[in-house]
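Model the full assembly from the supplied sequences, consistent with the hints where possible.
There are 4 protein chains.
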Amino acid sequence: MADYTAFDVAHLANVELLTPKFEESLWFFKDLLAMREVTRVGDSAYLRCWDEYQQYTIKLTASDAAGVGRTSFRAASPEALERRVAAIDGAGLGEGWVEGEVGTGRTFLFRDPDGHEMGIYYDTERYVASDEDRPALKNQASAYPGRGVNARRLDHINFLAKDVEANGEFIAAALGGRESERIKLDNGKLAAWWFHFSLKSYDVVYSDDWTKHGNRLHHIAFAPDTREDILKGADIFLENGIHIESGPHKHAINQTFFLYVWEPGGNRIEFANAGARLLLDPDQPVVEWSEEERKKGQAWGMKTIETFHTHGTPIV
Amino acid sequence: MADYTAFDVAHLANVELLTPKFEESLWFFKDLLAMREVTRVGDSAYLRCWDEYQQYTIKLTASDAAGVGRTSFRAASPEALERRVAAIDGAGLGEGWVEGEVGTGRTFLFRDPDGHEMGIYYDTERYVASDEDRPALKNQASAYPGRGVNARRLDHINFLAKDVEANGEFIAAALGGRESERIKLDNGKLAAWWFHFSLKSYDVVYSDDWTKHGNRLHHIAFAPDTREDILKGADIFLENGIHIESGPHKHAINQTFFLYVWEPGGNRIEFANAGARLLLDPDQPVVEWSEEERKKGQAWGMKTIETFHTHGTPIV
Amino acid sequence: MADYTAFDVAHLANVELLTPKFEESLWFFKDLLAMREVTRVGDSAYLRCWDEYQQYTIKLTASDAAGVGRTSFRAASPEALERRVAAIDGAGLGEGWVEGEVGTGRTFLFRDPDGHEMGIYYDTERYVASDEDRPALKNQASAYPGRGVNARRLDHINFLAKDVEANGEFIAAALGGRESERIKLDNGKLAAWWFHFSLKSYDVVYSDDWTKHGNRLHHIAFAPDTREDILKGADIFLENGIHIESGPHKHAINQTFFLYVWEPGGNRIEFANAGARLLLDPDQPVVEWSEEERKKGQAWGMKTIETFHTHGTPIV
Amino acid sequence: MADYTAFDVAHLANVELLTPKFEESLWFFKDLLAMREVTRVGDSAYLRCWDEYQQYTIKLTASDAAGVGRTSFRAASPEALERRVAAIDGAGLGEGWVEGEVGTGRTFLFRDPDGHEMGIYYDTERYVASDEDRPALKNQASAYPGRGVNARRLDHINFLAKDVEANGEFIAAALGGRESERIKLDNGKLAAWWFHFSLKSYDVVYSDDWTKHGNRLHHIAFAPDTREDILKGADIFLENGIHIESGPHKHAINQTFFLYVWEPGGNRIEFANAGARLLLDPDQPVVEWSEEERKKGQAWGMKTIETFHTHGTPIV
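Chains A, B, C and D supply the protein sequences, listed in that same order.
For the first sequence, position 203 (counting from the first letter as 1) is numbered 203 according to full-length UniProt numbering, and the numbering increases by one without interruption.
For the second sequence, position 18 (counting from the first letter as 1) is numbered 18 according to full-length UniProt numbering, and the numbering increases by one without interruption.
For the third sequence, position 251 (counting from the first letter as 1) is numbered 251 according to full-length UniProt numbering, and the numbering increases by one without interruption.
For the fourth sequence, position 291 (counting from the first letter as 1) is numbered 291 according to full-length UniProt numbering, and the numbering increases by one without interruption.
These aren't lab readings, by the way, just hints derived from the structure by calculation.
Only a predicted model underlies this, so the values are computations on that prediction, with no experimental measurement involved.
One thing to keep in mind: the hints can contain errors.
Copies of the same chain are indistinguishable here, so a pair counts whether it falls within one copy or spans any two.
Unchecked claim - SDA-like cross-link-like pairs, simulated, lysine to any residue; straight-line CA separation at most 25 Å:
hint, residue 1, residue 2
1, K138, R111
2, K296, H251
3, K59, R277
4, K162, K212
5, K296, L137
6, K212, E245
7, K30, S290
8, K138, E293
9, K21, E293
10, K296, F308
11, K295, D163
12, K295, I244
13, K296, R83
Encoded structure:
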């Protein structure tokens, strides 16, 4: 695998979510998550959290079915971008350069082996707050909304994949991702694999797609500042008729405090808080969980909810 | 300055604290912070927090006066270590290699321009929990103590320096640190300068030493998982007669939720929580605060306590 | 004093706040505290928190100056109301019966010795949520707003009084309040006196009015569910340009976690969280603090802010 | 039912827990809950939480089987005690006066219809902190331990009963308890009934004993100050091998944030936080939940765990 003295990918940058219930999904992100709609282009709304430095992180697109469109990563430098494009092309999965969207510079498109559409870019336009959302503290991207789950930023994406190993190896080789944790079944196959690009313990995850459909989403996650934000979020989702699938509880894997809901379009959305946990060790060995160990359920003993293994988008 | 596509320093690794009240200071770290004493060598106790992967982070040494001894950094790779040693030597501040202490590999010693003793190393021995402190979750360094302020790890160090600019420039050039925020006085001088090595918004800070004494400490900080840990910590320090200097409150600069106390030996100790705030942008512009802006005090309006500018260790 | 096997006053029921900036004050209560405007009558807006069972708790009235209008208490039963009216009349401070406002039954008006207008009633109309604010859980008065400081209910009132003793004795004798804590100055006078009606540690407080003006307000307080609500509230007030006077911090007296702000009209508003602390003991001795003890400041050492002793409404 | 202008019972005062694993149970209460052992008499240890004003709240007794011994209530006054004794005797369930234990005055013994042993008293000896556990704040019973779940006080008891209606009616008639919530099955029988004595929303609960054994315990509960204490508690129980049965989550009924564990002896222990929720309304109508409504599970959608209806102590 790659040499991890440096990460060429700075962070997960944006995700396109497809929804068959555009207006309801938009209400979810704007009213319940307090995301701001930056612009509207065609059937898509571009949205950002209050402390994100770029123009947008979620592109919400009206579609026949729920699911995930393009997922983009920001490279750490122009040189890092060149290195990654070369590695992707070397894997034969590159699809060429396009103009980026809404403040995003030129973007190299590619697909992971499972068929998920991806992009990588370096150039970006920083968000400049207007009078309306200028923050009181100048080291913050925009004003604190003080409502909803107060998600500060997009955190990670968990893809379903027909072949977890093949896709994880691609993330490692092509994007320079480093594995942090994984579940190995008794049959020797990986059921899920967690990758990260810097101190965060995960940014991209692959989970087994039991349908073998391809190009499906397990969930995307946002990061609120505190566990209390997540508890409050549960009350808000309860009041607003949003399906709470699981949590609040604590994952054994990577120890995040979590809440999973389904946005009105059907996509699973997580809210995750890692506390002060960071992967500071540049040589951190991967943590592997056996089938037996996973039977213990989540950290505090709650059994992993069955729909984690039956619901993904698009629904097939 | 350096190219920030990668950081050669992985993280702040350990700090030697000097104390004229060794037993009382040891009680503070072991009983109130729930740190574990790993070993004792001569007049020094080696201590670690519950989720630190190395053998120790604090070396507590009996001394005539409070203050700071050697501060060490872990390099991200053997090659990164070589690069940094070359840079330090280039600045004429290298002092040569020594054997590392208590699980730390060979270490290159040097001093910053202000005279603070420093070391950098790559090789390290991971901590392996004994039966007594084996964690229930295998992705954790040792058992969760569930008492005190529950500090998960050492977070940062803030040095007093006669010349903030000279020392900050050294951190940037010799260690590859990147500036995140700074205070510029009306006379054009920097009053304080924050540097970081990865996603964390600061790891090393220089603050103006009004005494111009040299080699002094403003504070070291630990990272608990939640703001509630810090509120509980305040109650614990109150009950145990520890001087609470300031907080709990929120810094305007870098927005950390904080509490400052003086350990029995006189060194200032901070507990800091950053929430979900990370410096994801590889091109993050520095945030500069003017003298006028700093007059507003901390984030929620509390005036910065006067002793921040009168108390440092050693006391002179 | 009274026999405390029972409390004739069930709780502080509602407060009329006077404001010279009606629209701005209304914005504060509706947008930042998420209170609901129930009705508007003349120059007054009637407002309630999300889990209050009556029609309103705050009557906000446009006025030349900030300050407090009528403060009402709900009696525990019709018999309790009769007993209290007799006691008030016995003190010569009764002013007779009036029709209650907005769901409040007939009300007996009176004044405390300092001249604050007060009322007591028993009959009340419970709030019935409309489709718009119907809660998901039937044991809640209305839907959880999930924004602002999420104050669940009005908590207490702190009056300024020319003569703390005389007014406290009136609350004890006429309303059956029980003292919980008090500050006694070296000259033998009480500087502040805390009274409660049931398990809550205080509902009505008298503080010395240094101006000797009479009929002034120190503050009213709301109760959010958690300390985190109060920390979030501080961020919200910061973003919205509301003057944060003091906190978040913890009171030594009665140990509430607090935040004080000035609403746009100038009235001081507190947000207070008591945790699990209740006065369960029916024979709880009063806790008396000396002048010397109060010099220690608040629980965690922050000095009591000077404006606590210079700002009250109306401003004189 | 009773006239609720006053409550003759001030609060649930103490509970005797029986354990077949005395040493392990004692470790649970002392080391994990930070309760203090006040004295030892015969096979019983008397324990108290850090902010309880009496000598003890838990009497832990070595026994052949887990379960509950005597549950005592403190009357609000000598006159209230007389009234309750008369009411209990009137129900034919009185068993006469005994000397109280460890600071508790003379106590009238009785049994509820299900056979649970109970006592009521008024005279009590307040706890006076020694040098060792003297609190920094004088309005607190003893020093804040700052470890474990930081439970401030005993909160409530939930009994299993062969006949929920008969026992609930007894609590109402004999002790003057007021119902707050209840579950009514489709067959018209109550499955559980919640009673309270003052502003707290419940102090005594009866749940259906599916075994029809009699004299069994569902659980006792402690009150920590914050939800974060409960989340931390979950980590502590995980590390210490304590069976976490359910939670952390939020009850629909009475809305408490909860965690249930089994102490080593087998008794179910809850940690419950009510936030700022109090039953202020002296005429609060009972909240009744149907079988259909209960199928929705807990507040945030987690299904009620099956062992709530299969595990009680003694195990039969």
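Status of each hint after checking the structure:
no.	hint	in the structure
1	K138 x R111	neither (38 Å within a copy, 34 Å between copies)
2	K296 x H251	both (11 Å within a copy, 24 Å between copies)
3	K59 x R277	between (29 Å within a copy, 22 Å between copies)
4	K162 x K212	within (5 Å within a copy, 52 Å between copies)
5	K296 x L137	between (44 Å within a copy, 11 Å between copies)
6	K212 x E245	within (23 Å within a copy, 35 Å between copies)
7	K30 x S290	neither (40 Å within a copy, 35 Å between copies)
8	K138 x E293	between (46 Å within a copy, 10 Å between copies)
9	K21 x E293	neither (39 Å within a copy, 28 Å between copies)
10	K296 x F308	both (15 Å within a copy, 19 Å between copies)
11	K295 x D163	within (22 Å within a copy, 38 Å between copies)
12	K295 x I244	both (22 Å within a copy, 15 Å between copies)
13	K296 x R83	neither (42 Å within a copy, 46 Å between copies)
In summary, the numbered hints that this structure violates are 1, 7, 9 and 13.
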